[in-house]
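With these hints in hand, go ahead and build the complete structure from the sequences.
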Amino acid sequence: MADSISSTFHRGSCFCGSVSYEVKGTPIMSAYCHCTLCQRLNGSAFIHTLHFPSSSFSWTHPAPQNAVLDSYSVHGKPWKIRWRCRQCGSTAASHNIQKDKWSVWGAQLERGVDGKILDWNLLRPTAHMFYTTRMLDIDDELDKWEGYPEQSSRIQ
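Sequential numbering of the sequence shown, starting at 699, is according to the numbering used here.
Treat the hints with care, as some may be off.
[What the hints assert, rightly or not] Pairs of lysine-lysine, PhoX-like flavour, derived with a Cα cap of 25 Å:
1) Lys814 x Lys778
2) Lys814 x Lys775
3) Lys814 x Lys797
4) Lys778 x Lys799
5) Lys797 x Lys722
6) Lys722 x Lys814
Hints were generated in silico from the structure; no laboratory data involved.
This is the structure:
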């Protein structure tokens, strides 16, 4: 079973579909992020973020890759390069060059005909992180953390 899970590909894309990618296997981390940076970049109270090792990530849209991609970093995090679509403007993924991992957002992953994210049991969030800066309380069974799960204080 572990072999089939580690060889599972999950596909995602930007809003318009010009930028697409796939990640292989299970995420290093899958959590709801409540940090103020994610809130401001997405105009949302929180996002579902999934982290994968760099070896698991690849762009799948036609080459040349940079023809449809634009990259940027935000003040205070120059090591985290975010990639967005030149057509629709939505961010598709980010690369943390310090930790050599990629982050993708759950809402952009491929869905079935029922509208649900494929392989949800492998990808679903296991925690809330940066919960002290939340915009609203979430009443669920997931652990809430001040920062990254297992690297900060659990608050609930």
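Take a quick look at whether lysine 814 and lysine 797 sit within 25 Å of each other, Cα to Cα.
violated (30 Å)
Pair hint outcome, lysine 778 versus lysine 799 [Cα-Cα no greater than 25 Å]:
holds (10 Å)
Pairwise hint evaluation, lysine 814 against lysine 722, where the allowed Cα distance is 25 Å at most
Judged against 25 Å, a Cα distance of about 19 Å means the pair holds.
Just to be careful, I want the Cα atoms of lysine 797 and lysine 722 compared with a cutoff of 25 Å; is the pair within it?
It holds: about 18 Å lies between the C-alpha atoms, which stays within 25 Å.
So if I understand the rule, the pair passes when the alpha-carbon distance is 25 Å or less; does lysine 814 with lysine 778 pass?
Not OK: lysine 814 and lysine 778 at ~29 Å, beyond 25 Å, violated.
Hint check: lysine 814 vs lysine 775, CA-CA at most 25 Å. Holds or violated?
Since the Cα atoms of lysine 814 and lysine 775 sit roughly 32 Å apart, the hinted pair is violated (cutoff 25 Å).
Checked against the numbered hints above, the structure violates hints 1, 2 and 3; every other hint is satisfied.
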